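Participant: Go ahead and model the full structure; you've got the sequences and the hints to work with.
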Amino acid sequence: MEDSPIDKDLSCNEIRLKKTLGEGADIVYRSLVIPSFSNVKALLVFIDGLVNTNEIDDTILAPLISFSQLPDQKELINNEGLLNGLIDAGVFASSVKATNKWNDACDSLVSGDSVLFVDGMENAFIFATRGFESRSVTEPATEVEVRGPRDGFIESLRTNTTLIRRRIRDYGLRFDMMRIGYRTKTDIAVAYIDSLVDKRVLGELMSRLQKINVDSILESGYIEEFIEDSPLSPFPQVEHTERPDKASAAILSGRIVIIVDNTPFVLIVPTSFWSLFQGSGDYYERFYIGTSIRLIRILAMILSITSSSVYVLLSSFNQEMLPTPLALKMAAGREGIPFPAVLEVLIMELMFEVLREAGIRIPKPIGQAVSIVGALVIGDAAVNAGLVSPTAVIVVAITGISSFVMPAYNLAISFRLLRFPLVIFTGMFGMLGFLGGTIAIALHLLSLRSFGAPFLAPVMPFRIDENKDVAVRAPWWKMTRRPKLAHSSETIRQSENQMPKPPSKDEDGFDE
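Quick note on numbering: UniProt numbering labels position 2 of the sequence shown as 2, and the sequence is numbered without any gaps.
Simulated from the structure, these hints should not be mistaken for laboratory data.
Watch out, some of these pointers could steer you wrong.
[Said to hold, decoys possible] Using C-beta positions, here's what the derived DEER-type ranges look like: (1) Ile347 x Arg158: 23 to 33 Å; (2) Ala471 x Ile401: 17 to 27 Å; (3) Asp58 x Ala471: 33 to 43 Å; (4) Lys199 x Lys19: 41 to 51 Å.
For clarity, every value in this text was computed on a predicted model and none was experimentally measured.
Glycine is no exception: its CB is placed at the ideal position from the N, C-alpha and C atoms.
Facilitator: Have a look at this one:
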């Protein structure tokens with residue numbers, strides 16, 4: 001649509017609007033006259049369902065029709081300097097601006113604003129009257145924590161920015177707005193603290209966002225695929241979260257948060273492999289609890305990708321590595337099994353993934369019961385029928401359950417997908433295939449970057465002073481510096497020597 005100016009003739013503007021937007025049942029064309037302008041004709045346009053109709057009645061229509069101290073009509077039209085007279089003296093909406101561009105007026109209409117056209121004026125007035133229904137703020141469904149805030153992002157961009165504002169009251173907090181998608185015109189907010197963010201990373205991010213030329217953005221996953229450093233990698237290089245506290249913590253560390261309208265998932269850049277293992281609750285419990293939980297997650301990650309392959313390796317190639325009683329038990333369990341170990345594991349892994357996906361798609365009242373009963377019944381029936389061994393069922397169950405321990409769903413599913421080729425390589429080449437597959441995955445992780453930052457930092461390259469918040473979560477009073485991942489310009493986060501101590505005692509042993 002051409003970006004032409006607004007016509008002075010009201011009837012021409014009305015015809016053009018109906019040709020551009022149509023005359024659907026939800027588009028309201030409200031004709032009126034302004035008594036204070038010698039009954040000059042005007043047209044108020046808005047889309048029902050996207051606006052607050054009470055606000056339109058109270059702050060736009062009522063003042064225009066009843067207020068009597070507006071400037072003279074001819075003076076307002078002829079003197080460009082008095083165009084704001086209508087805003088200053090006649091309309092009491094909280095946010096209103098004038099525009100002479102047709103595209104601005106139409107874009108505002110489809111976004112939920114109201115637009116007023118006045119006969120004889122080549123400017124339209126845009127009123128912020130958005131008031132569409134949205135989901136209330138509830139606890140995040142995908143990132144549940146035992147301790148911490150219970151609010152989560154929703155599908156309203158303005159509500160999401162408010163949730164961050166409530167937590168960060170820094171004067172330097174910025175929300176840079178843009179629109180992406182020439183059909184959906186989706187609002188995007190880039191949040192950061194001006195004094196903490198690395199301007200090079202911010203500039204690179206804005207450049208990547210501005211290069212996106214697509215007709216629709218319906219979820220933040222669209223944006224994620226357009227801005228990744230290595231889009232063909234199975235590993236995510238952009239972190240996403242539903243939790244406002246996690247997003248706020250990222251901003252306070254110098255990172256950047258991307259908020260997309262119509263989705264509760266916000267994006268965080270840059271990110272690292274280790275930040276995907278960190279949950280918000282790690283920082284709310286005492287440091288040794290957070291550390292132990294992280295170590296369990298790392299162990300679960302190793303089990304999720306290697307357990308099935310190790311079973312195939314030990315049962316088919318290197319039985320001598322097992323203790324004799326265990327080797328005999330496994331051999332007895334596999335007696336009569338018609339499939340080789342690699343095919344046995346692949347079938348069980350595939351069935352586990354099918355059951356997991358079915359549990360997500362089945363309606364909630366029966367989904368959990370069906371998935372649990374299905375797994376028990378199918379597993380027991382397969383063992384009794386002699387199709388799989390009991391050991392294979394246990395190994396596949398350990399592999400699947402371990403993958404759910406990781407907080408980041410996109411990282412967990414990456415490991416679940418990678419274990420299939422690793423099992424195949426192990427079944428084909430034995431120890432050589434297992435080691436080659438794991439080394440290939442490690443080398444790929446080493447090659448990844450997230451907006452220029454090494455994906456495995458600060459472990460590779462190793463920085464001893466940065467490892468206070470990786471596998472081990474140091475006490476808060478020891479983490480005096482911000483992580484170097486974001487290259488923040490202000491590295492000091494807090495004062496040193498804040499370790500709490502008991503009060504001093506006098507010579508009798510009592511507190512002074």
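Participant: Now tell me, hint by hint, if it's right for this structure.
Facilitator: Outcome of the hint check:
1. Ile347 x Arg158: 23 to 33 Å: Because 49 Å falls outside the window, the suggested range is violated.
2. Ala471 x Ile401: 17 to 27 Å: Cβ of Ala471 to Cβ of Ile401: about 21 Å, so the range 17 to 27 Å holds.
3. Asp58 x Ala471: 33 to 43 Å: violated (58 Å)
4. Lys199 x Lys19: 41 to 51 Å: holds (45 Å)
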